[in-house]
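K.L.:
In case you want the letters, here they are:
Number of protein chains: 2
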Amino acid sequence: MPGAIIDETTWVTTEVPGPVSKQKIAALDKVFDARAVHFVVDYEKSHDNFIVDVDGNKYLDVYSQIASIPVGYNNPTLIAAAKSPEMVSALVNRPATGNFPAENWFALLTEGLLRVAPKGHNRLFTAQSGSEANELAYKAAFMYYQRQKRGEGVEWSDHEIHTSLHNTSPGSPDLSILSFKNSFHGRGFGSLSTTRSKAVHKLDIPSFDWPHAHFPALKYPLEDNVEANKAEEEASLKEVEALITSWPNPVAAVIVEPIQSEGGDNHASPAFFQGLRSITKKHNVLLIVDEVQTGFGATGSFWGHDHWNLTTPPDMVTFSKKAQTAGYFFGDEKLCPDKAYRQFNTWIGDAARVLLCNAVIDEILKRNLVAQTARVGEQLYAALERVAEKYPEHVHNLRGKGQGTYIAFDTTNAAALVKKMRSLGINIGTCGKETVRLRPMLIFEAELVPKLVGTLEKAILAIQ
Amino acid sequence: MPGAIIDETTWVTTEVPGPVSKQKIAALDKVFDARAVHFVVDYEKSHDNFIVDVDGNKYLDVYSQIASIPVGYNNPTLIAAAKSPEMVSALVNRPATGNFPAENWFALLTEGLLRVAPKGHNRLFTAQSGSEANELAYKAAFMYYQRQKRGEGVEWSDHEIHTSLHNTSPGSPDLSILSFKNSFHGRGFGSLSTTRSKAVHKLDIPSFDWPHAHFPALKYPLEDNVEANKAEEEASLKEVEALITSWPNPVAAVIVEPIQSEGGDNHASPAFFQGLRSITKKHNVLLIVDEVQTGFGATGSFWGHDHWNLTTPPDMVTFSKKAQTAGYFFGDEKLCPDKAYRQFNTWIGDAARVLLCNAVIDEILKRNLVAQTARVGEQLYAALERVAEKYPEHVHNLRGKGQGTYIAFDTTNAAALVKKMRSLGINIGTCGKETVRLRPMLIFEAELVPKLVGTLEKAILAIQ
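Which chain is which? The protein sequence lines are A and B, in order. Heads up: the first sequence begins at 1 in full-length UniProt numbering, then just goes up one per residue. Heads up: the second sequence begins at 1 in full-length UniProt numbering, then just goes up one per residue.
The set of hints was computed from the structure by calculation and includes no laboratory data. One thing to keep in mind: the hints can contain errors.
Some but not every residue of chain A turned toward chain B, in silico, with C-beta under 8 Å [said to hold, decoys possible]:
1) Phe-106
2) Arg-196
3) Lys-219
4) Lys-420
5) Ile-463
Facing chain A, according to a computed beta carbon distance under 8 Å, are these residues of chain B, among others [claimed, not checked]:
6) Trp-11
7) Asn-75
8) Lys-321
9) Ile-460
Built from N, CA and C at the ideal position, the CB exists for glycine as well.
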């Protein structure tokens, strides 16, 4: 079937979703909520930066499964890991890792994930999703808070034990986690209580009475708004400190994303995060950095918070998405609860996914992909700057300079722009209100910049 | 090395954990909380009902990774699934299933999990753990409750939207889930608010102000306590109804395990559960059955609640553990929220684990394993009855008759008994206060009953 071939690497010959996708979406929707499906994918034909749908359309994918594909579809290193004997055993003999770990579990952690542990962190707890990772970090923070309050070595009282089973204080204390407006930290009842980005995630779901501060709303371009942005960040920090010292439910931890992602790709300066570290240290509140979306290299550093040059590390760092597994890192042994079985569950993550994660890390280190995102990100940002100058109405508040390929911009009608781009062979996503977020994989190359940016221009011309 | 060979199939030649396990536990504990590790496992050498540790000890495993290994270690059907091209793709091309499902996702559900859907259920949402499955069910229940309250088709108000982002009512309403004393429903902030089994799970963690009723504490043997048990169940139901009609935070759903597992293997009669269904129907409260541990065949039925002969099905049924994946089934379309993206997350389960689950289902159906657990369970129960008569102090309140191999008994010192059994080649677990729970795999055979029960007798003689 002849179609609107865009160039040698992508083509879209049907509307999106195409007729085959539509039929499959309708069938699926009878048993599984398929209302958010963009198109149905032929993953066998997808490769590297390119995703192919069941209608045979091929897209350059800069959304990457909501920022979660690290090193390309059908990556050979990952395929080798998937076919390894270790993988077969991890799949078919799934252990209750806390009780009966496999012989290779220690090596999987020390020769794998711990190679990329954030500075100051040498321990971890594994999980299965970003939401779970954050909630486990919150639980560690609450137990740590009460441990300090109770006094080291002091046994739980009968009253605490009794009240905990009745969901009442003091056994189940009224403590809180402070997060930021527009943040996204997950969808469990604890993580959702810290998520503040959109009502669609939160409406109708009971929440904890936890505080949130304004996240700095920086003005762009940064160089023209230095004083205003500084004042904005200081105001936010002031609010954080005021909430910590006044909120009725004591704040055990602050959680923050290095770049607020789902909430609109909102950035803040290293000075802001340094200030946050100072305030949390001053008030003996833990600092949890949610690197679920920013971690694993896309910002031009392995961890988003590497850009901050902190003098003391964050207390816990959570990860998921590109890691293909999830969990949290930490350094202080006292973040391990005082007794066994307090931080625990049947599987404690999934060794199969940890094996994949380790292959991802191999690939990142071997191919020097963090340096690549830094380098390609610069080129991509420069190319987008030119589009922003040309079409300021369609590309403004361009942000993410120096943050690898973690780039975003505001536009007038994000849904229409993204739809048009998809029809022109670019699979791309939105966030916040009218923001287009770029989430190419770590293997996104400079050669693809003209295609991505050129298609953006075409799409702008087509919809305006 | 010569050792105390017990019989031709198991042997334990070291103390447990043995020296190699001990060394590995100590190393692991420096990076990962290893305080609950019983021994480190050589999964390559483990097979069928037998688990082998790194010291070369071989145990008959009737704990099965906290009741989560369904069809044996290194099961050939599961190995074939693990080596399939579909598995490789599911592992290396992990989709954001809600946005970009794989072509085979529909078939994976309809030809897989949905084959075993509980009666009256034809839809599902996939998850990664039992905790997550239950929390997703709670969220569905809360959205359903508010949808009815708001009125079908009525749009969200600005006030609701605004307050939801501030974690306050009415956007974030004070609704509740009713659970039972001694229940275990998971460890997330919502699921943990319904868990009531032990303080070690709950202490120091903020909880929702949700109600719980007494679960019937039946007296054994059942035939000698018919009237007392009936009264006990009626009292519990009365309490449920009183809580539903009086609790300040309206009850959107009741969650119950068919057999309270972690909380002590507490059973109730079909009449109790029929009563629970009647009360929830009467008050328009949803009934969620937590089949995380009871589902997938061990009770002599595929689902634990199959034993109840309900006239209307439960509203949601959650699963995990032996399924090797997780999620919840439902039938009423209105349990799908009114808009897309409300029940959503990046991965929505894991197709790799769903593929394994489907292989488990194949194996269960092909080998007729549900009938096997019913048959072998009868023999096992009869053999244990004889031990209970002989050593009533060590084996009392024997329960689980007619519930397949899902059998448990109380004893005087469960920790000592289980430790001794482990040293004699049986890996077995506890629950509740002083309860030994049997959780053999579905492939546990009648030939193994004498070994299990004989070793129990030996262990009793050794510790008394």
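K.L.:
Against this structure, judge whether each hint is valid.
P.N.:
Outcome of the hint check:
1. Phe-106: holds (5 Å)
2. Arg-196: holds (6 Å)
3. Lys-219: violated (23 Å)
4. Lys-420: violated (18 Å)
5. Ile-463: violated (22 Å)
6. Trp-11: Violated. Min distance 18 Å.
7. Asn-75: Nearest chain A Cβ about 6 Å off; hint holds.
8. Lys-321: holds (7 Å)
9. Ile-460: violated (24 Å)
Of the numbered hints listed earlier, those contradicted by the structure are 3, 4, 5, 6 and 9.
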